[in-house]
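These are the residues of each chain, in order.
2 protein chains.
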Amino acid sequence: MSVVGPCLCQLLKTLTPEENTQCHYGLYFQDGQRRVDYVLTYHVKRPGAARHARTTSRLLTDNPLKGLAGTPSWDEQEDDKRRRREEFEKNLLDMGLELERDEDGKTPGVGFLKIHAPWNVLCREAEFMKLKMPTKKVSVVEKINSLISKVLEPLRPSVEEHKTKNIKHLSYTFSREKQHLCTKAKYSMGQSSFNLLHVLRGVCETGWLLYEEWASYSVFYKYQPIGLVRKYFGEKIGLYFAWLGLYTQMLIPASVVGVIVFLYGCATVDDNIPSMEICYPKENITMCPLCDKACSYWKLSTACATARASYLFDNPATVFFSIFMALWGESAVSSSSSSSWPFGVRTLLFICLRKCAQDEPRFSFSLKISLASRPFETHFKTQIKLTCRDRLPAYMTNLVMMLLMIGVTFAIVFGVILYRISTKAALHMSSNPITRSHVRLTVKTTAAILNLVVILILDEVYGAVARWLTVLEVPKTDKSFEQRLIFKTFILKFVNAFTPIIYIAFFRGRLVGRPGSYLYVFESYRMEECAHGGCLMELCIQLSITMLGKQLIQNNLFEIGVPKIKKLIRYIRSKRQAFQEEERQKRLQRYEIDHFLEPFAGLTPEYMEMIIQFGFVTLFVASFPLAPLFALLNNIIEIRLDAKKFVGELQRPVAARAKDIGIWYNLLTGVAKVAVIINAFVISFTSDFIPRLVYQYTYSNNGSMFGFVNHSLSYFNVSHFQDGKEPMDPLHLGYAVEICRYKDYREPPWSTSPYEISKEFWAVLAARLAFVIVFQNVVMLMSDVVDWLIPDIPKDISMQIHKEKILMVELFMREEHGKMQRMGSTASTGAKQKGSSNSYPPVPVARQRSMPPAHCYKPNNV
Amino acid sequence: MSVVGPCLCQLLKTLTPEENTQCHYGLYFQDGQRRVDYVLTYHVKRPGAARHARTTSRLLTDNPLKGLAGTPSWDEQEDDKRRRREEFEKNLLDMGLELERDEDGKTPGVGFLKIHAPWNVLCREAEFMKLKMPTKKVSVVEKINSLISKVLEPLRPSVEEHKTKNIKHLSYTFSREKQHLCTKAKYSMGQSSFNLLHVLRGVCETGWLLYEEWASYSVFYKYQPIGLVRKYFGEKIGLYFAWLGLYTQMLIPASVVGVIVFLYGCATVDDNIPSMEICYPKENITMCPLCDKACSYWKLSTACATARASYLFDNPATVFFSIFMALWGESAVSSSSSSSWPFGVRTLLFICLRKCAQDEPRFSFSLKISLASRPFETHFKTQIKLTCRDRLPAYMTNLVMMLLMIGVTFAIVFGVILYRISTKAALHMSSNPITRSHVRLTVKTTAAILNLVVILILDEVYGAVARWLTVLEVPKTDKSFEQRLIFKTFILKFVNAFTPIIYIAFFRGRLVGRPGSYLYVFESYRMEECAHGGCLMELCIQLSITMLGKQLIQNNLFEIGVPKIKKLIRYIRSKRQAFQEEERQKRLQRYEIDHFLEPFAGLTPEYMEMIIQFGFVTLFVASFPLAPLFALLNNIIEIRLDAKKFVGELQRPVAARAKDIGIWYNLLTGVAKVAVIINAFVISFTSDFIPRLVYQYTYSNNGSMFGFVNHSLSYFNVSHFQDGKEPMDPLHLGYAVEICRYKDYREPPWSTSPYEISKEFWAVLAARLAFVIVFQNVVMLMSDVVDWLIPDIPKDISMQIHKEKILMVELFMREEHGKMQRMGSTASTGAKQKGSSNSYPPVPVARQRSMPPAHCYKPNNV
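If you read the sequences in order, they're chains A and B. Each residue of the first sequence is one higher than the one before, counting from 1 in the numbering used here. Each residue of the second sequence is one higher than the one before, counting from 1001 in the numbering used here.
Note that these hints are calculated values from the structure, not bench results. Some hints here could point you the wrong way.
[To be verified] Cut-off 16 Å, straight-line C-alpha distance, at most; resulting in silico cross-link-like pairs (EDC-like, lysine to aspartate or glutamate):
1) A:Lys90 x A:Glu100
2) B:Lys1759 x A:Glu756
3) B:Lys1759 x A:Glu747
4) B:Lys1645 x B:Glu1606
5) A:Lys644 x A:Glu212
6) A:Lys759 x B:Glu1756
7) A:Lys299 x A:Glu738
8) A:Lys293 x A:Asp729
9) A:Lys759 x B:Asp1784
10) A:Lys673 x B:Glu1606
11) A:Lys564 x A:Glu473
12) B:Lys1299 x B:Asp1270
13) A:Lys293 x A:Glu523
14) B:Lys1299 x B:Glu1738
15) B:Lys1566 x B:Glu1649
In this text the structure is predicted, and so the values were computed from the model without any measurement.
Using the sequences and the hints, build the whole thing.
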């Protein structure tokens, strides 16, 4: 069933809610007294109906409430729907809801069923759902808090809710019998909370406030008014925005540290001995050719620029940064487990978590409606109950398709590699010198763009495939459906986004072979090598192109551009039937206008986008310290973009209760865990950090880095080239080359076992592996320590809870005591019957409640 | 304050509770009607009092309740105490409790204050503590369950509680107003639960049942009656026994697998090629001497027995076993997070967890009493509030002392090593051939015993030191005190128990040097080597001696022997004053007898013992597959031993609510995490598993293990011995030795860099490190997968919860509905006033409750 969306706030700009009588009319029943709390729409099938409503629903009906007769049933299906709808409506009435029908609206083919929930029904449900209610206000004004508030004042949205932030409420499970506890705040509670319980009440004001103070790029630097968002959209969507805001704020320190690390690299690049050695032209190192035949020997000093650029991403600060980011990732995840508050500090997080969970609850009718529709559901479910055997084919299809899709990703990545290798070879062959000089750049750029396009296309394909596969599985509940879909989509999109990157980080340049015995793909293409200085720079380029490309194209083009184009088309069309349309707009009820907005399709795409981004930020952050900064910039736009979408372009979603961000938390935890080990491997295997360390502390003569470049290059005797593989232009450098050098740890040609892997290789490998172990365990230990040092519940909050508890106890006791004393005079005679000899007058039995019977009398047998 | 302990059940053996009038008398107030629910004792100071009560309390007083006059105050302090006690008692009275004083008992110097909690006070507190009450019985009889029950019948204790296991209760937060929901089960609820709420009520029966069906070695094979234990001792102690039982049952599969692994080793020892090669006398390998001068060359074949024995603990099954145990450890820990039920299966665990948390709650007066004494506490706290600066010296002392203690442990371990080295050297020098032949055995045995004795002594010392250090810190709350104490004790005892073992596992035999350049301690003692076949066997011996010794001596000697001796002494003494004592015993009230039992000192020692055992079972399990079996045997005794102690020898502890096992869970998690990495290191570094693998897949000619022994031994030219270090008897083997062999990967004397670490060493090291990474991550992944596959809440239970929820909803709705209909006729006129046009008759407002005022009316402004 679809629900009416937000006010079209553009309409309301000129009208205050009181003046806007049309709005008032649309928001109330015919009597002008009872508010519309919820609207159900259904398809009215009439011969000659001009157009059909987009929304389909299981609860369609065309039977007016006043009686069964009057509308003929068109066919069997229609009849069944009518019967169901009827029963559903009866259930609603049984629960005490009040209904009003509107089938004669300006929108042909669509019937509206307006629902009003009376006060006592709300009370009953609030009690039943064990909603927590603020019972008594306790002012906690601390000096530091108020100081912080003052400093942060300009960052706050101009929304009222924050004014009362420092006033804490004692919360107590709502109970009709206990309402008397809410002594003074009684009526204000009624107004502040219970008004908000009504889904549509106050919609105009809240929607307008959100539109101004939230869904606008001009307030990007402010906190989000999460409380209002929660009130307006429900806890689930509120939680998404709270999480997004929190994650974005967590990105700020990460960006700052990342930029510092990058700047450190820039500042110290001139002091870096290995790149100095490479750039120093006197060091006359002749390198082996980079491709067969077409390429010739080259001077290492020509790789100077690459070596210097590599240093920017491969310096000692990188190691520190990846440890920092591993810890950051863990804490970002653990804070998102309790995410709700746009402050980044756990204290405030926790305050809000409690606020979200306890105070001012949002009332949603979902429980009630699901209860009302339960008979059908049960009926429906028993009809299609599936055994394990029935499910087996679907599961097998799932497994096979998932593997196939992952295989497709691998194949495409391999294809791009082949493209790169073959294009490079072809371009090297080219006789045009300009083409040849731009080989690297051309190949890299085109390949990266190819990769990006493939990722973007496959992303869409995989989304559809995952949905199809999940439908095949026929999960039992909506929740299970959502979880399975998310899980599948996550795996496919993650594999899609990260396979090329993982290839570059861990495989490229490793499966090359050695001069004289290179590895060939399809027997003719040599595998790729990385530029001198490690693959870290290539990884960085690939990472930044994928990340920025995805963000720019997917978010900005798809999310901003496409709706803009749609609007433009709509505008052009509307010009034709301008008058007609305008006339209709005016006469339409609020819910009729909203009915034609895009329906809300779930938060999955939003979360998925963010978790992939989280992957980019954490997984390979060792190679790209600026990733958090780009993510931060993207997210600042993303928040307002999503806000605009939710406020203005989608139907207002049904509010749903949510404790936490659910399966996304598990996925985030998984990504953060994988990030630790991947960063460990990136540092130890992709960067030259470990070889440099090993050289410095074991092979270097004076403990300095001088000689490292020479040490890391092996010797090759050019007479050992395979036939037909030697360079066509051996005198390219102007002299005959006998020995060329290549980057590897192998025995020299003059040793007893020429070109075999040398002892240094194994020593460096052992050091790399040892580093991985140390890194992983240190980070794990540190994140445990951080978890332990920062308690889940901050001290002042736990004090606050304790204080609240004591106050609650006192309030309770005082109330009980007072009651006892009041009752004491009337009931003392009866109580005196119990034999009590030398002790104090027995406390009289609580007898004051006539209904329900008080069973608190002392049983006879005691 | 001290609390009266359990019934001395020996006394009750001949008396049923009804007949036992004395017991009855002791359990009731003077009027014989009101039960004694709690007893406070205090010190009565009178001139000429014969003896002082052992128990001291902050609530001491000698002021009778009847009036302030009559007893003179002896001094200022006494006066202050009296005033406090007075106020405390007034608080108790204010809460509705009834008091009775007994100062003229047979126990001079001790006053007793008996407390009775009337029914309505209990009701109020139950509501306030949000106790969950069973409201309606729903029978869930499943076939499989009943079958399982039948099979397991003989394992169940003959206690009634299990008969009703299949009857589930709907639980609802207790509320006096909602008591009518508990329709039929109303009175039975009153009897079953509320009777048990009274702390002492039913003590005789429960205590006796526990004594027979729990605290007895003859029922060791049965489940524990955890429900009864919980009822009798409170949740905290119940949880300990539930956890202990669960852990013991988790040990069963571990023991079985361990025994299988051990038997596999025994069965395949003859097929093991390396030990065959060693034992085959034709392989004429001459080994380098094991000590300087005194020792001579030796034949490798003499190490045959050791090599075969080593294989028992170092075979491929060991690797499987350590992965199994790592997963086992994680699941044992995660199941102890929800531990409560002696069944080992999560399903039942969960059932019980809910049972413990919701049904039949235990009522403890602790909240009330702490509330009553709050004024003093607050007063007391403000007086001694400490700033950070005040605390600094204590924290520094803590840090220094902890480091010092750990240093002491290291020093002692080093001392034992020195003892071993020097004794071995001395004994080798001995001219007595018998002494020399038993060198290894003598040294090992004495060193292990020395180690054990040191561990046992230090354990006691460290316990005292930790307590002293924690007192120094002046923690704010009792809970914080307990946690800090536990943490410190844990660290010290863990370091104490595991330092020698870690030394053997990771350092012994690694810091030896090589022939011709051995490492020396104090320039004269060569560092220890392990026997041929790796240090795994030595580790196993050390582990088993420490573990068994600790268990036998600490548990059996200290826990059984010492109390027995104490009893004997008491018996001998009592013979002297036999008549006198007997006479007194007879005339004493129950609480007077119990007053002289040992007070309950907390569960810390019990948990600590178990966590150290858990460490032994998981940390080095790769080297000792029988550890779980020994732990299992120990624990079967331990459960009943502790049970006996709690039932018969300690004062009955104050019942305390507990959700989980608290800090112990964190410590267990920590141990389980550390276990993964330690086992990875044990397998890859202590055992020969990786070198064997590397040999088999890279160096072996035909892929078999033949030649491994030869490959793992390096060559040494005896002419390179340092002067004065060569053996005194070079012709011991009957021929002149030129080249001897030693276990290491080093270059041979004839290479270009003799005795340098060889390429094989680095390759093997890399393989070892790679194995650690793979092992750790695979285990972590698998334990995540296991966690994910086994949901926290099993399916049938979550179904059950769902069903309960629906039933609850229906019950609630039906009740609401009925009420509305009943009220409808009377209140309909009033409700009709609200304008309701075309919708259904509005549901009348719930108006039935006169007190408290029903605020559920619709406010005017809506």
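### Query
Is lysine 644 (chain A) close enough to glutamate 212 (chain A), meaning Cα to Cα at most 16 Å?
Satisfied, since the Cα-Cα distance of roughly 10 Å is no more than 16 Å.
### Task
Starting from lysine 90 (chain A), check that the Cα of glutamate 100 (chain A) is at most 16 Å away, please.
holds (13 Å)
### Query
Are the Cα positions of lysine 1566 (chain B) and glutamate 1649 (chain B) separated by 16 Å at most?
holds (11 Å)
### Task
Quickly compare the C-alpha distance for lysine 1645 (chain B) and glutamate 1606 (chain B) to 16 Å and report which way the hint goes.
holds (11 Å)
### Query
lysine 1299 (chain B) and aspartate 1270 (chain B): Cα distance at most 16 Å?
violated (20 Å)
### Message
What's the verdict on lysine 673 (chain A) and glutamate 1606 (chain B), does the C-alpha distance respect the 16 Å limit or exceed it?
### Response
Violated, because 35 Å separates the two Cα atoms, which is more than 16 Å.
### Task
Mind checking the alpha carbons of lysine 293 (chain A) and aspartate 729 (chain A) for me, to see if they're no more than 16 Å apart?
This hinted pair holds, its Cα atoms lying about 8 Å apart.
### Task
For the pair supplied as a hint, lysine 759 (chain A) and aspartate 1784 (chain B), confirm whether the alpha-carbon distance does not exceed 16 Å.
Roughly 38 Å separates the two Cα atoms, so the pair is violated.
### Message
Hinted pair, alpha-carbon criterion (16 Å max): lysine 1759 (chain B), glutamate 747 (chain A). Please report holds or violated.
### Response
holds (12 Å)
### Query
Can the restraint linking lysine 759 (chain A) and glutamate 1756 (chain B) be considered satisfied, given a maximum Cα separation of 16 Å?
holds (11 Å)
### Query
Taken at face value, is the distance from the CA of glutamate 523 (chain A) to the CA of lysine 293 (chain A) at most 16 Å?
holds (15 Å)
### Query
Quick one, are lysine 299 (chain A) and glutamate 738 (chain A) close enough, alpha carbons at most 16 Å?
Cα-Cα ~14 Å, so holds.
Hint violations for this structure: numbers 9, 10, 11 and 12, all remaining hints satisfied.
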